[in-house]
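Keeping their order, the protein sequence lines are chains A and B.
Position 337, counted from 1, in the first sequence is what our numbering calls 355; the numbers after and before it change by one each time, with no gaps.
Position 74, counted from 1, in the second sequence is what our numbering calls 77; the numbers after and before it change by one each time, with no gaps.
Possibly wrong hints are sitting among the right ones.
[Said to hold, decoys possible] No farther apart than 20 Å at their CA atoms in a straight line, the calculated lysine to aspartate or glutamate pairs in the DMTMM-like style are these: (1) A/Lys-105 - B/Glu-128; (2) B/Lys-101 - A/Asp-376; (3) B/Lys-451 - A/Asp-376; (4) B/Lys-145 - A/Glu-318; (5) B/Lys-105 - A/Asp-376; (6) B/Lys-451 - A/Asp-165; (7) A/Lys-211 - B/Asp-328; (8) B/Lys-101 - A/Asp-375; (9) B/Lys-451 - A/Glu-170; (10) B/Lys-127 - A/Asp-376; (11) B/Lys-101 - B/Glu-128.
[To be verified] Which chain B residues stay away from chain A? Per the calculated CB distances, all over 10 Å, these: (12) Gly-108; (13) Gly-131; (14) Asp-156; (15) Asn-342.
By construction, these hints were calculated from the structure, which means they are not laboratory data.
Owing to the predicted nature of the structure, the values given are computational and were not obtained by experimental measurement.
Yeah, the Cβ is synthetic: ideal placement off N, Cα and C, and Gly gets one too.
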Amino acid sequence: MIVRLLILACLLVAPRWAFALDIQSVKSDSGIEIWLVENHVNPIVSVAFGFKGGSGYDPVGKEGIAQLASGLLDEGAGDVDSQTFQKRMTDRGIELSFSAGLDDFTGRTRFLRDDRGEAAELLRLALSAPRFDPEPVERIRNSFLIDIDEAESDPNKIAGRQMEEMMLNGHPYARPADGTKASMTSITAADLKQFVRQRFVRARMVVSIVGDVSVAEAKAFVDQAFGGLPEEVPLAEVAPIQPSREGRSRVVDFDVPQAIVQFAEPGIPRSDPDFFPAYLVNYVLGGGGFSARLMNEVREKRGLVYGIGTDLWTFDAGGLIAGQFQTDPGKVAQAIEIVRTEWRRMATEGPTQQELDDAKTYLLGYYPRNFTNTMETAQLLRGLQTEGLGIDYVTRRQKEIAAVTIDDAKRAAKRLFDESMLTFVVVGPADQIQLPGAEVVKDPAQN
Amino acid sequence: MPITARLAAKAAGLFLGALLVALPAASRADIFEAHEFTLPNGLDVVVVPYHLSPVVVQAVVYKAGAADGLPGKNGIAHFLEHLMFKGTKTLAQGQFSKEVDKRGGSDNAYTSQDVTVYHQEIAKEHLGLIMRMEADRMVNLKITDPIVLPERDVILQERGERIDNEPGARLSEAVDAVLYRNHPYRLPVIGWRHEIEGYTTQDALDFYDRFYEPSNAVLVVGGDVTVEEVRTLAEKHFGPIPNGKTITRQRLQEPPPSAPRRVALTDPRVRQPYLIRSYLAPNFRTAKGNEGYALTVLSEILSGGTAGRLYRRMVIEQQSALGIDTGYDGGAYDVGRFNFYATPRQGGDLAVAEAAMDEQIAALLKDGVTDQEVADAKRRLQIAAVKARDSVSGPVFIVAEALGKGRTLADVQAWPERIASVTAADVLAVAAQIFRPANSVTGALLPKPAQEAAQP
Numbered sequence: 019m020i021v022r023l024l025i026l027a028c029l030l031v032a033p034r035w036a037f038a039l040d041i042q043s044v045k046s047d048s049g050i051e052i053w054l055v056e057n058h059v060n061p062i063v064s065v066a067f068g069f070k071g072g073s074g075y076d077p078v079g080k081e082g083i084a085q086l087a088s089g090l091l092d093e094g095a096g097d098v099d100s101q102t103f104q105k106r107m108t109d110r111g112i113e114l115s116f117s118a119g120l121d122d123f124t125g126r127t128r129f130l131r132d133d134r135g136e137a138a139e140l141l142r143l144a145l146s147a148p149r150f151d152p153e154p155v156e157r158i159r160n161s162f163l164i165d166i167d168e169a170e171s172d173p174n175k176i177a178g179r180q181m182e183e184m185m186l187n188g189h190p191y192a193r194p195a196d197g198t199k200a201s202m203t204s205i206t207a208a209d210l211k212q213f214v215r216q217r218f219v220r221a222r223m224v225v226s227i228v229g230d231v232s233v234a235e236a237k238a239f240v241d242q243a244f245g246g247l248p249e250e251v252p253l254a255e256v257a258p259i260q261p262s263r264e265g266r267s268r269v270v271d272f273d274v275p276q277a278i279v280q281f282a283e284p285g286i287p288r289s290d291p292d293f294f295p296a297y298l299v300n301y302v303l304g305g306g307g308f309s310a311r312l313m314n315e316v317r318e319k320r321g322l323v324y325g326i327g328t329d330l331w332t333f334d335a336g337g338l339i340a341g342q343f344q345t346d347p348g349k350v351a352q353a354i355e356i357v358r359t360e361w362r363r364m365a366t367e368g369p370t371q372q373e374l375d376d377a378k379t380y381l382l383g384y385y386p387r388n389f390t391n392t393m394e395t396a397q398l399l400r401g402l403q404t405e406g407l408g409i410d411y412v413t414r415r416q417k418e419i420a421a422v423t424i425d426d427a428k429r430a431a432k433r434l435f436d437e438s439m440l441t442f443v444v445v446g447p448a449d450q451i452q453l454p455g456a457e458v459v460k461d462p463a464q465n
Numbered sequence: 004m005p006i007t008a009r010l011a012a013k014a015a016g017l018f019l020g021a022l023l024v025a026l027p028a029a030s031r032a033d034i035f036e037a038h039e040f041t042l043p044n045g046l047d048v049v050v051v052p053y054h055l056s057p058v059v060v061q062a063v064v065y066k067a068g069a070a071d072g073l074p075g076k077n078g079i080a081h082f083l084e085h086l087m088f089k090g091t092k093t094l095a096q097g098q099f100s101k102e103v104d105k106r107g108g109s110d111n112a113y114t115s116q117d118v119t120v121y122h123q124e125i126a127k128e129h130l131g132l133i134m135r136m137e138a139d140r141m142v143n144l145k146i147t148d149p150i151v152l153p154e155r156d157v158i159l160q161e162r163g164e165r166i167d168n169e170p171g172a173r174l175s176e177a178v179d180a181v182l183y184r185n186h187p188y189r190l191p192v193i194g195w196r197h198e199i200e201g202y203t204t205q206d207a208l209d210f211y212d213r214f215y216e217p218s219n220a221v222l223v224v225g226g227d228v229t230v231e232e233v234r235t236l237a238e239k240h241f242g243p244i245p246n247g248k249t250i251t252r253q254r255l256q257e258p259p260p261s262a263p264r265r266v267a268l269t270d271p272r273v274r275q276p277y278l279i280r281s282y283l284a285p286n287f288r289t290a291k292g293n294e295g296y297a298l299t300v301l302s303e304i305l306s307g308g309t310a311g312r313l314y315r316r317m318v319i320e321q322q323s324a325l326g327i328d329t330g331y332d333g334g335a336y337d338v339g340r341f342n343f344y345a346t347p348r349q350g351g352d353l354a355v356a357e358a359a360m361d362e363q364i365a366a367l368l369k370d371g372v373t374d375q376e377v378a379d380a381k382r383r384l385q386i387a388a389v390k391a392r393d394s395v396s397g398p399v400f401i402v403a404e405a406l407g408k409g410r411t412l413a414d415v416q417a418w419p420e421r422i423a424s425v426t427a428a429d430v431l432a433v434a435a436q437i438f439r440p441a442n443s444v445t446g447a448l449l450p451k452p453a454q455e456a457a458q459p
């Protein structure tokens with residue numbers, strides 16, 4: 019989810035610099051659309067691509083397959099075994115990596131411009147003919163099994179899993195993205211090959227390129243890397259989420275010096291017309307770091323936490339508003355009460371005109387900071403493509419943000435920020451945490 | 004939008020050290036386009052232009068960190084770093100960050116053993132604003148108990164979040180405490196909890212008066228700027244600050260090594276044990292010849308990518324470990340460090356992984372490295388150096404860290420030649436010098452005893 023949040027943050031920026039960023043939409047000879055920004059400052063090329071269908075789409079019983087695949091695509095493909103594949107990458111300093119998000123399976127590669135032929139060939143092999151030989155499969159599977167094992171005793175992960183269960187019970191998003199020990203162990207090479215055949219199709223693919231390439235070179239790269247992929251294989255949509263509106267609280271008894279607190283309530287998808295007003299309101303309440311009310315009230319005035327923040331989480335199947343902090347067990351109830359108070363205040367009063375103005379100028383001024391290296395720029399463009407926001411987005415957004423009025427913000431605050439719906443999960447020593455109305459459950463790792 | 008800020012960031016220090024290690028460039032060329040000048044009051048200024056986007060990054064590094072604190076007060080450097088956001092004679096509490104935020108910028112700071120760094124990223128038209136505010140707090144800090152005391156509580160929460168809650172961080176603290184037997188690097192950057200609880204406003208002001216001077220700082224600006232733009236603004240904002248006193252670092256130094264040390268931290272929350280082996284090593288600033296560069300090449304040979312020799316031999320061929328990594332931190336002002344990290348196979352014995360690692364170290368000392376390995380590592384490092392230019396902020400932090408830790412810009416720029424000069428014989432010589440048991444600490448992170456006892 020974290021990766022997704024970062025992408026989102028990038029999407030929210032204003033287009034002051036739009037006129038300086040020359041994004042070309044180019045069709046390759048085999049018909050693949052590329053968003054391209056040529057930049058010839060350094061002899062470096064960054065490519066970001068993605069396919070719809072991440073961990074949220076893992077088959078039942080095979081949870082974790084997208085994660086496992088992301089670790090195995092560069093471990094041998096075609097006639098090239100694992101070690102040779104790795105050596106070909108490292109010899110030329112070709113960075114190539116894959117990542118399984120909830121909604122999307124993404125990848126990126128960065129290389130010196132003279133190595134673009136080798137990079138395209140390695141990427142073609144990885145996407146179209148990964149070998150999944152026994153040695154690398156077991157090696158990478160073991161490292162994921164250890165991650166799964168470690169997550170069982172990590173209080174942050176425990177809090178996250180409890181929150182998913184309480185908020186999204188029964189939905190595919192609530193399943194463990196890394197899989198369970200049983201599901202991870204059950205995945206076979208045949209499953210992985212099926213995954214590759216089904217997910218890596220051109221109909222659900224996007225690609226952006228930034229750096230030292232010409233249009234012709236970009237087209238050649240894309241045709242070599244992706245041109246041979248199948249056009250379409252069906253993939254079932256994920257049903258919309260139905261987040262809990264009950265506003266329950268739960269303490270997970272866990273022996274750790276400092277308690278972890280997470281909280282969430284239903285949010286909105288990216289396509290909601292109130293998205294920008296909601297984003298601005300969240301910035302004022304908890305998203306704006308040291309400019310946010312929660313940081314001011316909980317950290318700056320009272321010294322209760324090191325950090326506190328909230329985010330809008332938007333997924334293909336819906337959205338949440340979520341936040342987190344850590345504090346001494348004996349201070350949990352006091353900090354939660356401040357969060358509740360600020361949540362109610364925001365719903366009833368909304369932001370002030372000054373707060374809204376500052377939030378807007380933040381978003382507007384942030385824009386050029388998305389483009390301070392070639393990979394960051396490529397990933398931003400890939401995000402815009404994935405969200406279907408269109409190549410004119412960067413010019414459209416400034417107007418949309420600038421047009422948000424105080425009435426819009428107050429309406430969105432009232433509509434979306436409902437303290438009675440906040441679900442809280444606290445992981446820490448239960449005997450030191452006095453939270454009225456909360457159910458107390460045992461540390462699941464001890465069961 | 005980070006939710007946590009004013010980071011203790013010892014980790015960041017190490018991270019940048021690692022980045023610097025990965026940095027050499029093509030022969031006969033500077034790593035970066037960089038320009039340096041010095042104001043009459045002694046403030047060193049470096050400009051690293053990169054015209055990709057109309058954004059600038061500013062970093063002011065003070066040549067003072069945790070290791071420069073008085074006995075019992077080594078966390079004061081970090082405490083002061085937090086308080087530097089609390090207002091000046093002309094700026095209200097928190098106003099610095101607010102001015103940056105409402106223009107779409109970000110600002111933060113971090114403290115390491117050797118330096119304290121304040122930094123901002125913002126659209127280029129606001130460079131004058133952030134320079135004015137940064138110069139202002141170099142001399143005009145204004146803090147009082149009602150502002151300081153809640154922040155002391157914040158730092159205790161930060162310690163809880165970063166260290167007390169994290170078994171791995173507590174192991175690192177334990178390793179540091181015995182690796183350095185005399186040097187203040189043995190103490191945590193954030194400070195011990197019982198000492199933080201007693202820090203006062205005056206402690207912070209004393210550190211500020213001692214170290215925060217233009218002649219003890221370096222201003223680094225990168226991004227969409229020219230040298231002349233930066234010169235004009237720096238003269239206007241930092242120029243009027245009076246020339247300060249001469250400051251020298253005075254720290255206890257390490258004695259010669261005498262005996263290997265071992266520490267183990269057991270915590271019921273540990274599921275995956277691991278091992279860290281640390282050797283004291285030469286640093287770039289004071290090493291003889293090209294020792295630091297030879298260690299850079301050595302680390303690349305051992306663990307550069309998954310094609311590194313240790314991963315290939317231990318993880319893929321022998322299957323004696325699940326993971327193996329190395330890292331050389333030569334950036335430290337006083338003494339460098341070479342680390343190994345080994346993770347046993349699932350359910351496997353830490354001792355097996357350690358024995359396999361020791362076998363590899365012995366083989367290295369016996370047979371050295373091949374000319375081909377050296378050539379491959381040098382080529383990979385040179386490619387990494389070219390890529391390091393592809394960033395507005397990266398080069399700024401690399402330069403700020405290096406100059407803050409007593410190195411020169413010329414030294415940073417000369418990296419390519421120095422790396423190019425490394426031979427297989429250099430690598431073996433420096434390996435033989437540092438990979439001695441008496442020069443090391445081995446730290447183990449272990450699960451609860453019951454689980455440990457169940458292992459064969």
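The hints, checked one at a time:
Restraint check for A/Lys-105 and B/Glu-128: the C-alpha separation of about 45 Å exceeds 20 Å, so the hint is violated. Note on B/Lys-101 and A/Asp-376: the hinted pairing holds, with a Cα-Cα distance of about 9 Å set against a maximum of 20 Å. Note on B/Lys-451 and A/Asp-376: the hinted pairing is violated, with a Cα-Cα distance of about 51 Å set against a maximum of 20 Å. For the hint linking B/Lys-145 to A/Glu-318, the alpha-carbon distance of about 16 Å falls within 20 Å, and the restraint holds.
At most 20 Å may separate the alpha-carbon atoms for a hinted pair to count; B/Lys-105 and A/Asp-376 meet this at roughly 5 Å. Taken as a hint, the B/Lys-451 and A/Asp-165 pair is honoured in the structure, with Cα atoms around 18 Å apart against an allowance of 20 Å. For the hint pairing A/Lys-211 with B/Asp-328, the CA-to-CA distance comes to about 31 Å; that exceeds 20 Å, so the pair is violated. Restraint check: the Cα-Cα separation between B/Lys-101 and A/Asp-375 comes to about 12 Å, which is no more than 20 Å; the hinted pair holds.
Of the pairs offered as hints, the one joining B/Lys-451 and A/Glu-170 holds, with about 15 Å between alpha carbons and a cut-off of 20 Å not exceeded. In summary, the hint linking B/Lys-127 to A/Asp-376 is supported, as the alpha carbons are separated by about 19 Å, within the 20 Å threshold. Taking the CA atoms of B/Lys-101 and B/Glu-128, the gap is near 17 Å; set against the 20 Å cutoff, the hint holds. Residue placement check: B/Gly-108 does not keep its beta carbon more than 10 Å from all beta carbons of chain A (closest about 7 Å).
Chain A leaves B/Gly-131 outside its interface by the beta-carbon criterion, the shortest separation being 15 Å against a cut-off of 10 Å. With 10 Å as the threshold on Cβ separation, the claim that B/Asp-156 sits away from chain A is violated: the shortest Cβ distance comes to roughly 3 Å. With a minimum CB-CB distance of about 20 Å to chain A, B/Asn-342 clears the 10 Å threshold, and the non-interface call stands.
When the structure is compared with the earlier hints, violations turn up for hints 1, 3, 7, 12 and 14 and for no others.
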